[in-house]
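*Asks:* Spelled out from the first residue to the last, the chains are:
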Amino acid sequence: QVHLVESGGGVVQPGRSLRLSCAASGFTFSSRTMHWARQAPGKGLEWLTFISNDGTNHYYADPVRGRFTISRDNSKNTLYLQMSSLRAEDTAVYYCARSELSGPDYWGQGTLVTVSS
Amino acid sequence: DIVMTQSPLSLPVTPGEAASISCRSSQSLLHSNGYNYVDWHLQKPGQSPQLLIYLGSNRAPGVPDRFSGSGSGTDFTLKISRVEAEDVGVYYCMQTLQTYTFGQGTKLEIK
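Going down the list, the sequences are from chains W and H.
Residue numbers for the first sequence follow the numbering used here, beginning at 1 and rising by one.
Residue numbers for the second sequence follow the numbering used here, beginning at 118 and rising by one.
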């Protein structure tokens, strides 16, 4: 059974950094493109970034390009999101997801990041 | 960037009735391979999203056959043939042709 578990969220001050993790199980992690998306309180879903199965390709949405970095460790079945220069508008639930044929086909339960002084 | 526009944004439905959600893209999502690169997701209250339809018209595993996706190019539709109480939530279309973009979401509620 596919399982994606995000962790690392919490309260962080503006301008600081935070690293999220996503532990994967129940499928061959090294074969799947992986994504991060977020949802601000009361708002819709916003796709952020993806990384190819071998980690060689990635792409970022404009709001996070240059501040966030996606990476993966296939030996640990874990996806990461390094977030720096955090802003109040980065406050959201962050979801990891996997994909195969099209976009995300299975989502984690999310982890809340609150950027506040 | 490709913009996805959904309508309506709010959809009250009586159980047992049909429902339809429209999604329009700012550019064609039809690939040369014949597939339309649009997916549909449902986010039930308090839950993470779940995939309903991928590549325009393919139901994800475990999705009831009352859900169907159609359309091509820039105009797409998600139809629920007979709405049930468990279908409440926010429905999102998502283009997957040029990176990824969500629509604004359509909130389905039971009358």
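Simulated from the structure, these hints should not be mistaken for laboratory data.
Incorrect hints may appear among the rest.
As the list claims (entries may be wrong) - Derived contacts from chain W toward chain H, CB cut-off under 10 angstroms, selection only:
#: 1; residue: H3
#: 2; residue: E100
#: 3; residue: L112
#: 4; residue: V115
Said to hold, decoys possible - These stretches of chain W come out as covered by chain H in the derived footprint (C-beta under 8 angstroms, 3 or more residues):
#: 5; stretch: 20–28
#: 6; stretch: 49–63
Stated by the list, open to error - With a Cα cut of at most 27 angstroms, we get these calculated DSS-like pairs of lysine-lysine:
#: 7; chain 1: H; residue 1: K224; chain 2: H; residue 2: K161
#: 8; chain 1: H; residue 1: K196; chain 2: W; residue 2: K76
#: 9; chain 1: H; residue 1: K196; chain 2: H; residue 2: K228
#: 10; chain 1: H; residue 1: K161; chain 2: H; residue 2: K196
#: 11; chain 1: H; residue 1: K224; chain 2: H; residue 2: K196
#: 12; chain 1: W; residue 1: K76; chain 2: H; residue 2: K161
#: 13; chain 1: H; residue 1: K228; chain 2: H; residue 2: K161
#: 14; chain 1: W; residue 1: K76; chain 2: H; residue 2: K228
#: 15; chain 1: H; residue 1: K224; chain 2: W; residue 2: K76
A virtual CB, placed ideally from N, CA and C, is assigned to each residue, including glycine.
*Asks:* Would the hint linking H:K228 and H:K161 be met if the CA-CA limit is 27 angstroms?
*Replies:* Judged against 27 angstroms, a Cα distance of about 17 angstroms means the pair holds.
*Asks:* Keeping to a limit of 27 angstroms between CA atoms, is the pair of H:K224 and H:K161 held or broken?
*Replies:* 10 angstroms, holds
*Asks:* Taken at face value, is the distance from the CA of H:K161 to the CA of W:K76 at most 27 angstroms?
*Replies:* 31 angstroms, violated
*Asks:* Can you tell me if the stretch 49–63 of chain W counts as covered by chain H, using C-beta to C-beta distances under 8 angstroms and a minimum of three residues?
*Replies:* holds (count 4)
*Asks:* Please verify whether H:K224 and H:K196 have alpha carbons no more than 27 angstroms apart.
*Replies:* 14 angstroms, holds
*Asks:* Does the closest beta carbon of chain H sit nearer than 10 angstroms to the beta carbon of W:V115?
*Replies:* 21 angstroms, violated
*Asks:* If you take the shortest Cβ to Cβ gap from W:L112 to chain H, is it below 10 angstroms?
*Replies:* 12 angstroms, violated
*Asks:* Within a Cα-Cα threshold of 27 angstroms, do H:K196 and H:K228 meet the stated pairing?
*Replies:* 18 angstroms, holds
*Asks:* Let me know if the C-beta of W:E100 comes in closer than 10 angstroms to any C-beta of chain H, holds or violated.
*Replies:* Because about 9 angstroms separates W:E100 from the closest Cβ in chain H, which is inside the 10 angstroms limit, the hint holds.
*Asks:* Double-check W:H3 for me: the hint is only fine if its C-beta lies closer than 10 angstroms to a C-beta in chain H.
*Replies:* 12 angstroms, violated
*Asks:* For the stretch 20–28 of chain W, does the count of residues with a C-beta closer than 8 angstroms to a C-beta of chain H reach 3?
*Replies:* violated (count 0)
*Asks:* Is H:K224 close enough to W:K76, meaning Cα to Cα at most 27 angstroms?
*Replies:* Violated, because 38 angstroms separates the two Cα atoms, which is more than 27 angstroms.
The structure is inconsistent with the numbered hints 1, 3, 4, 5, 8, 12, 14, 15, although it conforms to all the rest.
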